[in-house]
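Enquirer: Just so you know, the sequences run in chain order A and B. Here the first sequence is numbered in the working numbering, starting from 4 and rising by one per residue. Here the second sequence is numbered in the working numbering, starting from 252 and rising by one per residue.
Don't take every hint at face value.
Partial list, derived from the structure: chain A residues whose beta carbon lies under 7 Å from chain B [stated by the list, open to error]: (1) Gly29; (2) Val30; (3) Pro45; (4) Arg46; (5) Ala47; (6) Tyr50; (7) Ile51; (8) Lys76; (9) Ala77; (10) Lys78; (11) Arg79.
Label pairs and their calculated CB-CB ranges [unchecked claim]: (12) A:Ala40 with B:Ser476: 49 to 59 Å; (13) A:Asn25 with B:Pro256: 33 to 43 Å; (14) A:Asp70 with B:Gly663: 53 to 63 Å; (15) B:Ala701 with A:Pro45: 30 to 40 Å; (16) A:Pro45 with B:Phe702: 30 to 40 Å; (17) A:Ala40 with B:Lys1082: 52 to 62 Å; (18) B:Pro256 with A:Pro45: 22 to 32 Å; (19) A:Lys76 with B:Glu655: 46 to 56 Å; (20) B:Glu655 with A:Pro45: 21 to 31 Å; (21) B:Pro395 with A:Pro45: 37 to 47 Å; (22) A:Lys76 with B:Lys1145: 58 to 68 Å.
Source of the hints: derived by calculation from the structure; they are not laboratory data. Note that the coordinates shown come from a computational prediction; the quantities given were computed from them, not determined experimentally. C-beta atoms are modelled at their ideal positions from N, C-alpha and C, and glycine is treated no differently.
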Amino acid sequence: MARKSLGDIEQLVLLSILRLGNETYGVPIVEEIESCAGRSVPRAAVYIALRRLRQKGLVSSWMSEPDPVPGGKAKRFFKVEPEGIEKLAEQRSALLSMWEGLQPTLDR
Amino acid sequence: MRGPPPARWLLERVLPPDERVGVVNELDEAMDAAFPEGGWRAGLWYWGQATSFALGFAVERLRERAAGPGSPGSRHEEREGRPSVRRPRRREGWMAGLRRDLVFAVRTLLKRPAFTAAVVATLALGIGPNTAIFSVVNGVLLRPLPYASPESLALVRIDLSGLEQHPGIAQAEVLDFRARAELLEDVGAVSREFTASLTAEGRMEAVLAANVTPNLFPMLGVSPSLGRSFTAEEEVPDGPRVALISHGLWERRFGGAPDVVGQDLEMNGTRVPIVGVMPEGFQLLLGPGTSLSPNIDLWLPMQLDPEFRDFWAFRAIARVEDGATIAQAEAEIQSIGARLVEEYPDEYANSDIRFYLHPLHSDLVQSARPAILTLLGAVTLVLLIACTNAAGLLVARMKAREKEIAVRAALGAGRSRIVREVLLESLVLAFVAGAAGLGLGWLGLETLLAFQPGSLPRVDDIVLDRQVLLFTLGAASLAAFLFGMIPAWQASKADVQSALREGGRRGSGGVRVRTRNALVVAQVAFSVMLLIGAGLLIRTFNELRQVDLGFDPEHVVTLRAPLNGGELEPEERWGIYKQLLDEVRTLPNVAAAGGTSIIPLSNQGMMASYSTDGSLDTNWNGSSADYRWVFPGYFATMGVELVAGRTFDAGDNDELVGRVIVDETLAWQAWPNGDAIGQHFTIGMGSALDTTLVEVVGVVSHSRILDVRREVRPQIYLPYRTGPGGNMWLTVRAEGDASQVVASVRRVAEAVGTGRPVHSVRSMESYVEEAMAGTRFTLLLMGTLAGIALLLSGVGIYSVIAYLVRERAHDTGVRLALGAQRVDIIRMNVKEGLAMAALGVPLGLGGAVGLSRFLESQLFGVDATDPVTYVGIPLVLVALAILASYIPASQASKLDPATALRDA
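Pulled out of the complex, with its shape left as it was, chain A reads as follows (with noise of 0.2 Å):
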């Protein structure tokens, strides 16, 4: 069965979940695609890509315990799994020989 491709949001959620060392929550995702991709998404969407990628399969995720402060709060972490990062790799690989010899043309 052909899998469906990702999303946009999906790619950078993956993305950024792996430049962030493949361990990370949803409050640095969302800054990391504000900061790297130069694009303000929706928190919701973001959290609801998360959601629909963890239910792929393509990222696990877990419940970290509260932080060790006062007041401390417990948080969902998530991790790519081979999986997400074989899908990725699909994707880039599919979009780069898209662009292959469309250099010209882009730069008449």
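Guided by the hints, dock chain B onto chain A, whose structure is given.
Expert: Positioned in the frame of chain A, the structure of chain B alone reads:
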């Protein structure tokens, strides 16, 4: 920092269980990062996030369910290993169909963001104020008082010698009711508030204190959070003096130290042991006129004297026995009262005393209730206006979708299915608007509480809680029903054939336009009702500002200058005060200085009875008058006009003979021939056997010292020396800014050695402002609501005319081509707008007359059917109708006939 509780509640309800904790915690963190200072911006940001999360996840969950078994995230996948059977679509349940329709409705709405935003904004403007005002209704009027079984608690009030519903009884009567009333489980009492000076580590602080009977707190079901309550032996005369302190004072003065119980408090120069600390947030909430602040810091045991029968100054709270009603208990104490009058003929001679029991809660809120209910009525009108406006927008949209619906009907979509879709759309809109309205209501409530006049009881109980959320949910559902019904009904009647044939251009446009017109007429009518309410309040406030107070509060500053108590002889006290006044008068920028025992308009008063024919052998046997002691210079300072005779001089105080000054009202009532000066009469103050013969030396104009709105009682002023008090107020008139003299007066008071700190420094104007604050606050809220109503009605009229203009572009093109002038086109369209106003205004006026009697109690100096308001407001609406229809009309007049004919 955490987000606003209602927003968190919303999130927790909407998020899937496995996402809840993470999202809620992380949103808090993100808010901290974005708004380290917190404040309303942080709250607003959080509301925005919560709404977007709620919407996003609601749609996501619907998507997951609609995607069906086997798809990621469906329930089947989560329950691993269970084989899933895919059922044929046709046999899917009613719920699944509903879900699909819901997803469809959300998608349809998202496709037209401008329309969706317009409807949501309109409805949120209607729901937000309802949320805010309902929070007030809920906290003040609905929520039970924070005591054990509050419904069986009642306050005793009495009628006495022309005094009505006075909230005080005598100490002996408290004991009588306890002993004799079988329907009363217990009776407790509390004194008025008074100020006590606390000294610790050389620092003095004035705090509010009150005396309570030891049984009062247990009766209310309140026990100290630390230490013990008072005991029965502390109630008897000359019993031990101990103190309970408030949680606030405990934290402020003792740093919350757990060993505070047993320590001594130095109060007014004597040492009193602390026996306990009251729980945090505890307030003794009593109604108007009881002179008991909710913020008492120091509680002392009241020592009841069975001989003390003729000083009706103690507020009594009774608990009615289980199974008895307050009305039954009231009948019982009235018959006990009648027996007391027979048993003690001297004390009760001609007093006409009559006892009443008022449920504690309704007594507390009675003065705030009319204003709150008026505002509730006003926000309901705003919600109705918002609903009609949203219905208008939806009806217009139905017109645009006519063809789409007709096609679907032709392809076999059932009528009920289409109606359900339209209703679902309304429901989705209403819920999104409900969430936005909740945010708006939260903001509104914060603003409202920041500006509340101080006379609102139970302010601390006003919060956005579960009840308020349920109310908002209810208001949103009601709104959905109200504004969704009309378009749904129209969809159900859609005529497939003609819609398809005519290409949707004319169709049932006539009916639709009529429906929209009717909706706008209704809006105009509701707006007129609301605006008239606001207009009447504006007139009331103006009238209040015009009232001749009988004194001039400008440039007068008041401050309390207590003397260090008990050990001073009366002439020593007068000596200190006299020196203080003399020195204050020599200060720069001081024009005049005087003083009084009670500040005007401070909700305090003392009552005396008086008689001019010598018949006053006991108290309460004459006419009643307000009395207060004043220092020489009081009348000049306050700008009270001397009508006849003279004002007090120092001699009146030195000689200690009974000379008084009366106001014009008393002079006119007692000596109609105008020869009051030099007359003698008897006054009785406080105790029955304590009557004094006095001589009138002066007559002054009447001052509104008890109530800005009306003359309450005639007034008697006595020279300070005849009074017992060492707790006088100074009144100082400054040249220019009154606040500049405060520091120097303070220094003088310290130098003269009053022994206790000067406190409660306030401008006289602030007392006058405060007396009008309730009216101003109601006016402010009504004005805001009227503004929203005007905005919504304006938008309503505008959108109908704009819609008509679009519809008629073809006709207009023909007219212009045939030589019609632009002004004709404008006139034609503005006339339509005016016609709607012309229908709506009379309807609104009728409604306003019907509702005006509810407003009557809050008006002053203006009739509830005030002609100025009833003529002025319609003019405002007519102007609005002209403006709102002129804008699209002038656009229509600028049509290029050729384009119009080609495109239409």
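Enquirer: All the hints need checking, so say for each whether the structure fits it.
Expert: Results of checking the hints against the structure:
1. Gly29: holds, 5 Å
2. Val30: holds, 5 Å
3. Pro45: Pro45 (chain A) check passes; min Cβ-Cβ to chain B is 6 Å, inside 7 Å.
4. Arg46: Nearest chain B Cβ about 6 Å off; hint holds.
5. Ala47: holds, 4 Å
6. Tyr50: holds, 6 Å
7. Ile51: holds, 5 Å
8. Lys76: holds, 4 Å
9. Ala77: holds, 6 Å
10. Lys78: Holds. Min distance 6 Å.
11. Arg79: Check passed: Cβ of Arg79 (chain A) comes within 3 Å of chain B, closer than 7 Å.
12. A:Ala40 with B:Ser476: 49 to 59 Å: holds, 55 Å
13. A:Asn25 with B:Pro256: 33 to 43 Å: holds, 36 Å
14. A:Asp70 with B:Gly663: 53 to 63 Å: 58 Å Cβ-Cβ, so the 53 to 63 Å window holds.
15. B:Ala701 with A:Pro45: 30 to 40 Å: holds, 31 Å
16. A:Pro45 with B:Phe702: 30 to 40 Å: holds, 34 Å
17. A:Ala40 with B:Lys1082: 52 to 62 Å: The hint (52 to 62 Å, Cβ to Cβ) holds, given that Ala40 (chain A) and Lys1082 (chain B) are roughly 56 Å apart.
18. B:Pro256 with A:Pro45: 22 to 32 Å: holds, 23 Å
19. A:Lys76 with B:Glu655: 46 to 56 Å: holds, 48 Å
20. B:Glu655 with A:Pro45: 21 to 31 Å: Holds, since Glu655 (chain B) and Pro45 (chain A) (Cβ atoms, about 29 Å apart) stay within the stated range.
21. B:Pro395 with A:Pro45: 37 to 47 Å: holds, 42 Å
22. A:Lys76 with B:Lys1145: 58 to 68 Å: holds, 60 Å
The structure shown violates none of the earlier numbered hints.
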